[in-house]
Structures are given as C-alpha cells and as structure tokens.
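J.: Sequence:
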Amino acid sequence: MSRGAIDLSRLNPAQREAACAGDAPLLVLAGAGTGKTTVITYRIAWLMAEAGVRPDQILAVTFTNKAAKEMRARAGELSGLGPSALDIGTFHGTCGRLLRRHGHLLGLDRHFLIYDADDQVSLMRRCCADLGFDAQTAFVRRLRSKIESWKNQGLGPGEVTPFDDDAFRAAKLYGLYEKRCLEANAVDFGDMLLHTLTLLRRHDAVRHELRGRWSHILVDEYQDTNRVQYEVLRQLAGPEQSLTVVGDDDQSIYRWRGADIGNILRFENDFPGAVVVRLELNYRSTQNILSAANAVIAHNAARKGKTLYTEGDAGEPLTLRLYDSERDEGEAVAYGIEETVAGGVAPSEVVALYRTNAQSRPIEDALRRRRIAYAVYGGIRFYDRREIRDSLAYLRLINNPRSDVDFLRVVNAPARGIGKTSLERLAALAGERGVALFDAARLASAGAGKIGGRQRKQLGAFAQLIDDMREHAADAHPGRLLEEILETSGYRAALRQEGTEEAQDRLDNIDELLQAIDEYVALAPEASLTDFLEEAALATDVDQMADAGESVSLMTLHSAKGLEFHTVFLAGMEEGVFPHRRSVDERAALEEERRLCYVGLTRAKRRVHLSAARRRFTFGEATYSNLSRFLAEIPSELLDLGAGASPRPTPAPARDADWDPAFDDAAFTPAPTLGAGDLPVHREERSGGGFQPGMTVFHATFGEGTLIAVDGSGPRQKLVVEFPEEGRKTIVARFVEPR
DNA sequence: CCGTGCTAAGTTTTT
DNA sequence: CTTAGCACGG
Numbered sequence: 179m180s181r182g183a184i185d186l187s188r189l190n191p192a193q194r195e196a197a198c199a200g201d202a203p204l205l206v207l208a209g210a211g212t213g214k215t216t217v218i219t220y221r222i223a224w225l226m227a228e229a230g231v232r233p234d235q236i237l238a239v240t241f242t243n244k245a246a247k248e249m250r251a252r253a254g255e256l257s258g259l260g261p262s263a264l265d266i267g268t269f270h271g272t273c274g275r276l277l278r279r280h281g282h283l284l285g286l287d288r289h290f291l292i293y294d295a296d297d298q299v300s301l302m303r304r305c306c307a308d309l310g311f312d313a314q315t316a317f318v319r320r321l322r323s324k325i326e327s328w329k330n331q332g333l334g335p336g337e338v339t340p341f342d343d344d345a346f347r348a349a350k351l352y353g354l355y356e357k358r359c360l361e362a363n364a365v366d367f368g369d370m371l372l373h374t375l376t377l378l379r380r381h382d383a384v385r386h387e388l389r390g391r392w393s394h395i396l397v398d399e400y401q402d403t404n405r406v407q408y409e410v411l412r413q414l415a416g417p418e419q420s421l422t423v424v425g426d427d428d429q430s431i432y433r434w435r436g437a438d439i440g441n442i443l444r445f446e447n448d449f450p451g452a453v454v455v456r457l458e459l460n461y462r463s464t465q466n467i468l469s470a471a472n473a474v475i476a477h478n479a480a481r482k483g484k485t486l487y488t489e490g491d492a493g494e495p496l497t498l499r500l501y502d503s504e505r506d507e508g509e510a511v512a513y514g515i516e517e518t519v520a521g522g523v524a525p526s527e528v529v530a531l532y533r534t535n536a537q538s539r540p541i542e543d544a545l546r547r548r549r550i551a552y553a554v555y556g557g558i559r560f561y562d563r564r565e566i567r568d569s570l571a572y573l574r575l576i577n578n579p580r581s582d583v584d585f586l587r588v589v590n591a592p593a594r595g596i597g598k599t600s601l602e603r604l605a606a607l608a609g610e611r612g613v614a615l616f617d618a619a620r621l622a623s624a625g626a627g628k629i630g631g632r633q634r635k636q637l638g639a640f641a642q643l644i645d646d647m648r649e650h651a652a653d654a655h656p657g658r659l660l661e662e663i664l665e666t667s668g669y670r671a672a673l674r675q676e677g678t679e680e681a682q683d684r685l686d687n688i689d690e691l692l693q694a695i696d697e698y699v700a701l702a703p704e705a706s707l708t709d710f711l712e713e714a715a716l717a718t719d720v721d722q723m724a725d726a727g728e729s730v731s732l733m734t735l736h737s738a739k740g741l742e743f744h745t746v747f748l749a750g751m752e753e754g755v756f757p758h759r760r761s762v763d764e765r766a767a768l769e770e771e772r773r774l775c776y777v778g779l780t781r782a783k784r785r786v787h788l789s790a791a792r793r794r795f796t797f798g799e800a801t802y803s804n805l806s807r808f809l810a811e812i813p814s815e816l817l818d819l820g821a822g823a824s825p826r827p828t829p830a831p832a833r834d835a836d837w838d839p840a841f842d843d844a845a846f847t848p849a850p851t852l853g854a855g856d857l858p859v860h861r862e863e864r865s866g867g868g869f870q871p872g873m874t875v876f877h878a879t880f881g882e883g884t885l886i887a888v889d890g891s892g893p894r895q896k897l898v899v900e901f902p903e904e905g906r907k908t909i910v911a912r913f914v915e916p917r
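Counting in my numbering, the first sequence tops out at residue 917, every number present.
Relax, there's no trap hidden among the hints.
As a list, the in silico SDA-like pairs of lysine to any residue whose alpha-carbon atoms are at most 20 Å apart:
{"no.": "1", "residue 1": "Lys628", "residue 2": "Leu607"}
{"no.": "2", "residue 1": "Lys482", "residue 2": "Gly440"}
{"no.": "3", "residue 1": "Lys357", "residue 2": "Leu284"}
Don't read these hints as lab results, they were simulated from the structure.
Quick caveat, the model's predicted, so the values are computed rather than measured.
Using the sequences and the hints, build the whole thing.
T.: What follows is the structure, encoded as structure tokens:
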C-alpha cells in the first residue's frame, strides 16, 4: 500500500504525541472539545501510513452509529483510502457481526433477531406467567432491569447470586428467558455483548482468529464502557495487540446502563506500561464557558482531574434567567432562539437541552407558536411507534417464524378475531409439542388443539400468509415485501377505514418507513432483510441528525454528548429536575448529574443561556423547586443575571390550528431581575432530624416561610410551606449528603 | 371476541 | 396530564 506521509502540522504537541504513540497501551484523556476525534482519526491514518499497519488489521469501536460514521469518513479521507476499507463500528454492531459469523457455536442461527426493552418485557411477561410469578408490567420491568444489570456486569444466568426475594425471582426468570430467547433465535442488547464474551472465552479458535485479525484496537468514549465491554476488550486485546482508548472521565454519563467509570480511572493499573496523554487545550468554547464548566466539575471527587483552557477570547458571560412557570420558560427559550437565529446563527447551530424528555413539551409549544422549525431527538424513537413496530414485526416474523414476541404482536393486527382465549389455547398447544407459536398455528389449522372453528380458519390463513411471503423473502426487496404484506394482511386497509387523523398519521409513518427502507437498500444493495432489521434495531434518532437542515434541535443532555453548537439553551436548572430527584441521595449518582452538567455546558462554542422555572407540572400537579445547586457552583462573575432585561411578549400569531386561545400577551411574564440573594442556598434539613410543622424553612425562590404540613417521608417528602408574600406553596423536600 | 370507558400508575437518562 | 391495563356490555 502507499505510504503517503500524514500531515501532522495541524496537531498540537499533545495531540501529536497521542496520534504517533507506539504500541504500548495508550490512554488519551481528552477533555471536551480538545480534538478527540481528530486524534483518533489521525492515529488510525498514521498507523497505516507510517507504521505499516494494514487497514483491515485495525478495529475502532464507538458507542453510537453517528460517531462510527464520522470516524470512518474522516479516517478514510485522511489516509486516502476511502471509508470502506476500515473496520469501524459500534460495540453492538461489532458484536452483532461476530455473532452472525460465530454464533452457531452458541446455538444461534445467523438470522437472529435483536430484541429491545419492549420485546424483552413482552417475552419476560410470558415467562413470569409460566413460572407462576406476578406478570404485572411494573414488576416485570423491575426484574428486567435487574437481569440487565447482571448482563452488564458480564454475569450469565448461572453466575448470579441472588440476595433477596426479587433477585431470586429475577435469577429464575433470567434462566428461562435466556432459554426462550435462544429458542426464538433472538438476542437482546445485553446478550449481544455477553454472548460475544462467552464466545471469546470458551472458544479458543474464535479468540485466536480474532486476535490474529486485529493488531490494533482503538476505543472511543472509554469512560462509558461497562464490565462486559471491558472484558470483551481484554479478550480481543491480548499481550500482542496494541490498545488505544480515548475518553474523558468527566463525561461518563451512563452509570445507569452499567458504565463503570472505574475502567478509565484504573486503566494504568489494568494495563501495565500504559502511556497517558492529556488533552486540555480546548478548540471549541470561550474561556467563560470553560471556566464555568471547570468550576462545576471541580466539585466532583471521583475524577482524574484536568482543567480545560482556550487560547481564544473570554466571550460573553453565561446568562441565567428565572421564570414563573415552565410555559414562560419555554416561551423565553423560543424567543431567545428566534433572536439568536435573527442574529445570523444557523438554526442547526442552536440547541435546547434538558434533563428529561418530558421537558421538551413547553419548549416545543412555544417554538410552534413562533413558527420556528425544530427537530426533537430522542423521546419516542421513530422505530418505537406502534405502526412501525407492527410493520417490522411482520418482517421479523417472515425472517424468523420462531419469534413468538413478533407472532403475538401481529397475529391480531389487524383484528382477525384471535383473542386472549385462542392465544392461551395456542400457547398450550405450542408448549405440548415443544414448538413455536407460529408452528402451533399451522398445527391448529390442521386440526390440533382445542381451538374453535372460526379461529382455526383465521390462524390457518395467517400462517399461510406468512409462509407465502417467506417463499420469496430471500431475494425480494424488503420494501416491496413490506408493502405486499401490509396490503395482503389488510393492515393498511384497516387504518384507511378508521379515517381518523391519528390513523392518517400512522399511514404517513408507514410511508416514511417504506422510504427509509428504500434509502437503505439504495445505499447497500447487497444487504439482506436480516441486515436491514439489525439496522432498524440499532438505529437512534440522533444518528439521523444529518438532515436537520434549517431546524433548531431539541434533545436531552445525554443525546447531546459528542455534539457541538454555537448557542446552547440549558433549561430546567432546578433541584429535583437537574440534578434529577432520584440522583440526589447518593453521592455517585449526584456526581454523574454534575458530569452531565459539564457535558451540557461544554457543548457550546459561543453562548450558553441557562434558565429555570419556579413552577412546573409533574403528574398534572404543580410543584415548586429551588434553583439547581449547579448554578451556585458557577462563579457569579461568569453569570449575567439579567439586570432588567426581559424577553418581549410573544406577538400574536395568525389564527390557525396552532393558536392556543388560552395564550395571550398577558399570560407571558417577563423574566425578573435576579439578585445575588436569589441564587440557591443549601440549607436543607437533614433526613435524620426530619421536618416539623412550625419550623422555619428557607427557600431561595420565595425566602423564609413557615412549615404548615409534612406529607410522606424520604426524598420525595412534600412540604407545605406558607410564604408571607407568595401564599401557600408545596415544596418537594430534598436531603443532601453532608460534605 | 371486540370495543368502550374507567382506574391506576408513571418519568430519568438509551445502545 | 398522559398511557396502559382491565372490567364490562354488546
């Protein structure tokens, strides 16, 4: 291959050191905006051009499809090889590929399906019923997350040690569930990693083959790897392989998904002789933004410690505004977005970030009223909509008739008169014969089981329909196949007949899905139905961001990781919202919230606008909150508290469907000026002492008040406090760890 | 067996 | 305030 020199002049000394490091284990501690992707792509290019490594000997692993795509494009361009030669993929994608090839060793057929959380719950519910457990959704979900965390730790069904009732049941369920998954020829997200680990551990031939194949392994976002991912890497990167990991301990935000920040903190112990390179020179943000982010993250104890700086200017201060309601806050964010875009910033360079998906609502409403185009990422994934899931279930069943989950999803969609009773009888028949529900349906139509005549006929017709499709599934275009099945099954006809607006939306979504399939096939003509189904299972909304175009973006802080914007609006800066109320009792959880705050701030290149609402609706009930403690951690000289500046009321829009009569100028309260005394003051009572009526309670938003009543206990305890000027308010109590 | 209407419960964060 | 699950009548 050509050994064209790589131009390293664009790299700073630390970046160059990382890109051109030798084969010893390498940890690149890359702060936000310090050119992490640049380093990893230059390293790939350098390995090929200067160190004589063949492209197919390099494996690069990322967390998101978007990151993989970007890395592939940039590394391909730098090296002059083009994108296709490189082995770059997500953890799940890479493991999926290995399983398609070697999964037969574990009893998996290469057309296995990928189950998501809903599929898992659906299958687990039936397992619970068979085990005589409670099959209520909430309970099943709890067991599911227990099993999920075992998987994340790399523990198989036989390796768990239950310590209480729930865990004991979860362990029983785990065993049966895994058995059923295998029978259905399906894996869930956790299995993709865990099965891969099993493969590498138990099958020496596979391990040897793969170690021979990849001499250099690079991992992006290493701080978010969990135990299984770590173990998989250890298996792939033996003593002979060169391992490079890139990450930022301050951006580890997936603890709840099993991510172990210890992996990055321990790297030098785990891999003796490791070289560590720190990247602290930031190319993205202004000094004010960096100083704010540095100040916030400095409150965390579990970190390696680094301080971002820039050679650029200080920039503007961060703004902070407090509003009476979430509606006013949304209105102000929309107004701020409008002004930003009017000032010449491209809409795609503006984002509104929030902690939870539910918070997008008031912002969306306000943007709609102002006719500002926006795109919401996350929330309900496109592929999670009912009609999309139904459509995919048809395709999945055609691809793999053993999948009971998919059978149950579509056997009565559209209504075929197959109800609960028939399905129970069918399940009994399937259990008796030891076959999948689909096979049982065939048997039933031939007379087996105790299923009524009408139902028997319908089941036969359904089985026939799927079988017919299967015949030409192998060579058919997945899009045409789906169109055919949606027509033949009457699924579309049923929606058309409904004639409601909602049904029309669903039909439109189906058209969009067909279009997405066409696009996919156009890009990858040789791809099979199995390939497309895998793509659909692993796709996320953020992956599709490329076509944001003229829209501003709305997303959670989690989704924003790895992205950058000229202007960032960070809404909902309130205790209980951010940090989330479920994270304030535990130090490790709180530190993760703080990292999330750090991630949010460092997304911005030039401007950050922080906001909070006094009153917010949760479960249809008004709750009042204090300002987020993170605001108190930002040095006040970096904050502009808005000396009298307030957003204009919204001009009345032309009357149309978007017009909400309840909304008028009077409903809009301008942002008040904040004084120093309005910043959060943390004088909460400790849980040990408890609250007593009559006690004086201090609340930054309202001042001093008298406690009238206490409702409930623990972190969700509600306090009813009377404030002299504001009247009676309910506050959700928070208990803070002593420092 | 299907649709309607009621009640209860629920919200972190997502590959 | 929404959605999912369930009880009831047709």
